[in-house]
Amino acid sequence: MNTLLTQIINGLHVGSVYALIALGYTMVYGIVKLINFAHGDVIMVGAYAALTLLTSAALPFWAAALLAILFCAALGVTVERVAYKPLRSAPRISSLITTIGVSFFLQNSVQMLFSPTPRPFPIRINVPTLVVGNLKVSGLTFVTILVAVALMAALEMFVRRARMGKAMRAVSEDLQAAQLMGVNINTTISMTFAIGAALAAVGAILYSTAYPSVSPTMGAMPGLKAFIAAVLGGIGIMPGAMLGGFIMGVAESLTKGYISTQLSDAVVFGILIVVLLVKPSGILGRHVSEKV
Amino acid sequence: MMMLSVSGLSVAYGAIQAIHDVSFHVEKGEIVTLIGANGAGKSTILKTVSGLLRPKAGTIQFEDKQVHSLDPHRIVRMGLAQVPEGRRIFQRMTVLENLEMGAFARGGRADLSSGYESVFHSFPRLKERRGQLAGTLSGGEQQMLAMGRALMGRPRLLMLDEPSMGLSPILVEEIFRIIRQMNADGITILLVEQNAQMALSVADRAYVLETGRVVKEGGAASFMGDEAVRKAYLGL
Ligand SMILES: Nc1ncnc2c1ncn2[C@@H]1O[C@H](COP(=O)(O)OP(=O)(O)OP(=O)(O)O)[C@@H](O)[C@H]1O
Ligand SMILES: [Mg+2]
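Keeping their order, the protein sequence lines are chains H and X.
First residue of the first sequence: 1, per the numbering used here; consecutive thereafter.
First residue of the second sequence: 1001, per the numbering used here; consecutive thereafter.
One or more hints might be untrue.
Said to hold, decoys possible - What follows is a list of derived Cβ distance ranges for each label pair:
id, chain 1, residue 1, chain 2, residue 2, range
1, H, Asn186, X, Thr1211, 32 to 42 Å
2, X, Ser1138, H, Pro60, 43 to 53 Å
3, H, Pro91, X, Thr1136, 29 to 39 Å
4, X, Ser1138, H, Ile125, 49 to 59 Å
5, H, Arg160, X, Gly1029, 37 to 47 Å
6, X, Ser1118, H, Asp265, 52 to 62 Å
7, H, Leu96, X, Ser1222, 50 to 60 Å
8, H, Pro280, X, Thr1136, 22 to 32 Å
9, X, Phe1120, H, Gly139, 50 to 60 Å
10, H, Val149, X, Gln1066, 48 to 58 Å
11, H, Arg286, X, Pro1124, 22 to 32 Å
Derived by calculation from the structure, the hints in this document are not laboratory data.
Backbone N, C-alpha and C define an ideal beta-carbon position, used for all residues, glycine too.
The following block holds chain X by itself, in its conformation from the complex:
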């Protein structure tokens, strides 16, 4: 079943066009990764899918609904969440309040305690720090909070924008382990990464983005195996 289908997407910042006729899709249950260098347009695509930017052309379909003209809050409430680049946690709110905000999309009567429990199960560190202001957390803890916050909304599709950015190798391993776990728990994942090697190691399929265009797509394993691709796109 198709979870997300983006076709012919073009996005511009004023006169500057950042995304040119991009098409890709994510099947239910998959981990799909978009990889590309700085400025390739990865975050722009995620922002557009979330409704924070309006496309110039193209369509975005989530499950069976067209979402490219909806406001961001409507899209989140449909079950499509994003962990944005740079985490963007609410620094002046406590860890618990951040998690509560994550469940905002589910409405005022949502049962939060089971959500907290499962987040604390995945991220035990957050439990110890639940009363602390989020701004005082370490970078790794903030990334965990950003992911836990998104999970509180019980999304069916989770988009992660560079979750490994700025983290130590051990933490990167940890974050990717949790991404696999979330996927095993039934969440479909669209992963944006510069760390192509890590991303390809967890993904089913991949798209390579270059200056706003998809230049290569295929199974993740085929990317890793292809010497030319590794040299050209992954810098390995």
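Pulled out of the complex, with its shape left as it was, chain H reads as follows:
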């Protein structure tokens, strides 16, 4: 019973990281109908940024984290402006391929700057282990889940209540109608990329504290899993990304605990296939067909 609970809590730990990253995929898709395959590499850039600020600049943890997050937000906006915006009215496939190009560009740039050799991530948060009865929860797990849930709640509030959040929802529903309301879509799209990349940076820092090895290709696997989480929950739907992330994390953790570590990825992909067979638009997806 206790091991089951521990496995689930571990699953929620990694799941909350997936959920944060998945939000970036889903928000961008919601607004510009683009799968941003470079999103996973923002995780990697965020991890390197935090690493550099912690070691070379010797900043305190909170300052390094904050600057890494801001750096990623700026990177997200820049990538959109430079690489995706010129292709906004081009065929969808051109933009898709561009996102893959940006992904390679980011990986290779970091490889050139830092070498391909993985580096250890210095964990600078010391949180005491939580003990409830005879159940032990690592402090890191607790903090990760707390931070992720708080950010998701804040984001949901922003999108529901804030003027800019409502504009984002309007753009994601009908771009032209939103323009006719006086919404500046360039600002809205930039904002979306900034938020998505910032969340990925938070995910990167939380991920690196759990798996403290930083390398130029480290974004691929969490990026892919977060993408699957977004599709699983229903791409374009924010609560879907959160739900999908947690499901992925828990499924992965339970497979590792009860079946086999090697199989965990296979099980996760298996879940995706089954869900999409039953409900192609994802768990929370609207079953209306996408208007093109």
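Chain X with the ligands: place on chain H using the hints.
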């Protein structure tokens, strides 16, 4: 005073030219209608005036400013609003949120409550449904919401693209009554319609559009009175 002046407008979708050298104008306080059959280019003209499409040639002047190279949000913020064809309300937002989006162009500090009040005065039905998701409204209610939403922005010129489309005769009467009322309240109106008879009954002047060209223009009353025109252009 000139409100809107379009001259020598040409618009193309890729290689297909949809609008050929179209000129028209709207005076302050007028109701002007553009009428024409399916595919004549009416919506294309409105989209271009709103900045959603870029003209190939020609100029568009709103009040005293050239607007044909501005982004749509800049044009709306100047006071030129459009109720697009097919209403295009935000289905997954509530009625109230839709109205709030309508006031977006006026900035974050705009006073919304007086806007809501006047919209609910014109469209009492929307008040009862204000907390409801807009996608659950009936077609007529959606048209009212689309018009109310545009009014929230306090436009000086309002362009309406086929507001009567798909509505029952009673609702069409209602919508046209409100268009007259909006005009009486000081809003200049450019009305696009296939329902030529209804449009001519409220308009001061009219332009007839055929395959992207203006083929006839004049006072609305003269159109109704002219047997040949009625036969040729209005199918009456
Ligand atoms: N996105 C587009 N791409 C290519 N051609 C288009 C596009 N939109 C419209 N057209 C063409 O431009 C012409 C004018 O279309 P438009 O929608 O302006 O007509 P309309 O007068 O509004 O018609 P309706 O009364 O049916 O709404 C048509 O021949 C149409 O096929
Ligand atoms: Mg039309």
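Outcome of the hint check:
no., hint, in the structure
1, H:Asn186 x X:Thr1211: 32 to 42 Å, "holds, 35 Å"
2, X:Ser1138 x H:Pro60: 43 to 53 Å, "violated, 59 Å"
3, H:Pro91 x X:Thr1136: 29 to 39 Å, "holds, 35 Å"
4, X:Ser1138 x H:Ile125: 49 to 59 Å, "holds, 55 Å"
5, H:Arg160 x X:Gly1029: 37 to 47 Å, "holds, 41 Å"
6, X:Ser1118 x H:Asp265: 52 to 62 Å, "holds, 59 Å"
7, H:Leu96 x X:Ser1222: 50 to 60 Å, "holds, 55 Å"
8, H:Pro280 x X:Thr1136: 22 to 32 Å, "holds, 24 Å"
9, X:Phe1120 x H:Gly139: 50 to 60 Å, "holds, 54 Å"
10, H:Val149 x X:Gln1066: 48 to 58 Å, "holds, 51 Å"
11, H:Arg286 x X:Pro1124: 22 to 32 Å, "holds, 31 Å"
Hint 2 alone, counting from the list given before, is not met by this structure.
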